[in-house]
Structures are given as C-alpha cells and as structure tokens.
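Enquirer: Next come the chains, spelled out residue by residue.
2 protein chains.
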Amino acid sequence: MDIPSSLVQKAVDEIAQLPGIGRRSALRIVLHLLRQPKDFSARLSNAVATLREQIRYCITCHNISDAKQCNICASPMRERNTICVVEDIRDVMAIESTGQFKGLYHVLGGKIAPMEGVGPQQLSIDALIKRVEQENIDEIIFALSSTMEGDTTNYYIFKKLSVFELHFSAISRGIGVGDELEYADELTLGRSISQRIPFEISMKN
Amino acid sequence: MDIPSSLVQKAVDEIAQLPGIGRRSALRIVLHLLRQPKDFSARLSNAVATLREQIRYCITCHNISDAKQCNICASPMRERNTICVVEDIRDVMAIESTGQFKGLYHVLGGKIAPMEGVGPQQLSIDALIKRVEQENIDEIIFALSSTMEGDTTNYYIFKKLSVFELHFSAISRGIGVGDELEYADELTLGRSISQRIPFEISMKN
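Chains as they are written, first to last, in the working numbering: chain A, 1 to 205; chain B, 1 to 205.
Hints listed in this document are in silico derivations from the structure and should not be mistaken for laboratory results. This one's a predicted model, so the numbers in the text were calculated from it and none came from an experiment. Where a beta carbon is used, it is the ideal one built from N, C-alpha and C, also for glycine. Among the clues, some could well be false.
Listed next, the stretches of chain B that the computed footprint assigns to chain A, with coverage defined by at least 3 CB atoms under 8 Å from CB atoms of chain A [as the list claims (entries may be wrong)]:
| hint | region |
| --- | --- |
| 1 | 66 to 76 |
| 2 | 81 to 92 |
| 3 | 174 to 188 |
Simulated coverage check for chain B against chain A, where a stretch passes if three residues somewhere in it have a Cβ under 8 Å from a Cβ of chain A [claimed, not checked]:
| hint | region |
| --- | --- |
| 4 | 22 to 33 |
| 5 | 39 to 47 |
| 6 | 128 to 137 |
Okay, chain A solo, but in the shape it has when bound (with noise of 0.2 Å):
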C-alpha cells in the first residue's frame, strides 16, 4: 500500500516498530492522531520524549522511579531482609498488586538470552551481588518466567550467590487458583503434582 505523503509514511515507519503495532495498526493510530486537535500530538510526542530522558531508576532495585529511591526500598515499613528477583517492572507491579509481598525486590531488566546478545553484564546481577554482601539479607525468592532463558537466568545467580549464607526459594508454579485440571497442560499439571505442598500450608490464603 502506497502512502502519498511522507509524513505520514515517516510516521506509520516510526509507529510500527512498537511491540504488537503492524503496519495497518500504525496507519490507522496516524489518521487518528490527524483527525485530534494538534495538543493531543503534541502531548503523545512530548511524553514519549521527556519519558526516554528523564527516566529514574532506583539505586537500589532498579525499579523506575520518581526519586532516588523508590517507594518500596524507602519504605520503613517493607521486610528488608528478603529479596524477590524479576525481570522486569511489570513483574513487580504484579506481584505489589496481590498484597502477598512485603519483602523488597531486584528488577534484572531481562534474562540471560546469548541468543539475543543478553549475557550477564547486561543485567544488574552485580548490583544484586553487592545488596547480599552489604545488607542483611536472609532469602532470595526467584520469581522470574519459567523458561529455558529464566532458568538459566536464576542458576546463574544461584550460583554467584551460593557463597553468601542464604535461604533459596522459587515462587510456585501449578494448576491457577479456580481452574479445571482437565483443561491444564501436562507439564503444569506435573509440577503440580511433583512439587505438591503440605495440605495445612494449602489450606493457607
């Protein structure tokens, strides 16, 4: 499809780059964008501009943050002796939202994928080395996505991490919390049975 105006054109290019937007998605975002006042543009472009320059991270987790610190590893009120590892910002507001986590966590910012050019010094596992050796840091909860990429990801640390007088822990994988077992996958369904917990501590919410 031949766009005859290369504004227009430049913009579908930029747009449909984004994760999840092909070519048809980003034509029809910019005739939206052409059909709304010209401050609805202006502010879209100065947002995703001020993002990309302004962005803070915490110094300590790496999560984004307004200030220095983010609110979870400046609150007094967090178990500080327990770290929960993610992948990303998303992890963490995940598991914020089920109110289940009063520990602090790690962003590592991806996973070890040498396939795409991810290995160690990309993520901020050294950062987490110096937290275990400078805090007092009692458990490590790995909580990243159970791939080949996650596991690898989470022995790798394990590993680093071995010498330090620590607790180990995963969060658990099973069957969904509601969900039928004939419709689950058989590997889930597996780990439910493998990896099955005392009925007392079930029984818990």
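Starting from the known structure of chain A, arrange chain B on it as the hints suggest.
Expert: Only chain B this time, still in chain A's reference frame:
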C-alpha cells in the same frame, strides 16, 4: 496496577488513548521504549510531532499530500470526469492498490454522524460541490461504507448534487470473490441477488 514513576504513568496514559491500544499494551510499549537507545524514542516523538504540525492535504481532493496537489489530482493520466467519493485516505489507498480505477477521488474526512457531532459542515462536502460546479464531471461514484451513516451521507450528497447533470453510481456489494455462499451473511447474499448484474459483465475481471 500502580505505576511507581510519574513519567511512565504519563506516557502510558497518553499511549493508551490511541485506538486499539489498552493500558496493558501501552505499558508494554513504554517498557520497550525504555529498553531501546534514546534516539529510538526521539525519532518516534519527532515523527508524531512533525506529522500533525506539517501535514498537508491536496487542495482539490483533500487526500494527504506532500505538495499543494496530490499525485493523483496532478497526474495527466487520470480521467478527470469521474470522482470517487470516499470517507478517508485509507479508502483511497485501498482502491488505488486494485489498479481498477483511473478517475479522481474526493476524501470527505468522515461520515455524517449526528450522534458523534459530525454534520455536513465538518466534512468536505462544499468543496465537492464546488468541484462539480467548476470542473467537467460526468460521474460520481459513492464508495462509503454501507452503514446507516454511510447511506445518510451518500443521500445528502446525492440531493445536493442532483441539480447537476451527473451519473451517480455506488460500488457493488456482494459475496467476496472466492468466498463460499453458505458462509455469507444473509444481508450480503440478499444484496448479491437483488442487485445482480448481467452475466457478460460478471465475466469481466
């Protein structure tokens, strides 16, 4: 879900206002932007800003254009006595990609939709009337979508232009080429029968 950075919050708010993008996709896009080099965001921001600031429309047919007049209106190869009336520039691109139309276009910029506050004054209908007055037009082809708003708009324009000596036509509706009859909706199949065409014409590609 609470976002612990006002910059990210603002960017998500703006991006989630775009058509077809929810808050979850907006957050995914923002995280993608944060992972890319700075000039990726700068280029996107720039493309969005200049798009709306510098966009030009063809003074004749209201299609988007880099010059005062679009390539189609300026081309000596087009038949200048036929105008195809469409809603927006995507329709021009779609019809152009068929290679079946050699006339000119007129882009209305929408349909008459009183419920959404769109009246004839918001569309380029007066400009179309002026073209018919001033140029040597023989035929008007309606290619709006076959909704109530589309039909209303067609009829409004038809009434306005009926004082001129013109042929009026509309693009044909029916079962798509290659589609099975049994899966077609009744309305479309009904129209295919009631608006049937001479067999010799149907054999033309």
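Enquirer: Against each hint, give a clear statement of whether it holds in the structure.
Expert: Status of the hints after comparison with the structure:
1. 66 to 76: As far as the region 66 to 76 of chain B goes, the hint holds, because 4 residues have Cβ atoms under 8 Å from chain A.
2. 81 to 92: holds (count 4)
3. 174 to 188: violated (count 0)
4. 22 to 33: holds (count 8)
5. 39 to 47: holds (count 8)
6. 128 to 137: Per the Cβ count (0), the hint is violated.
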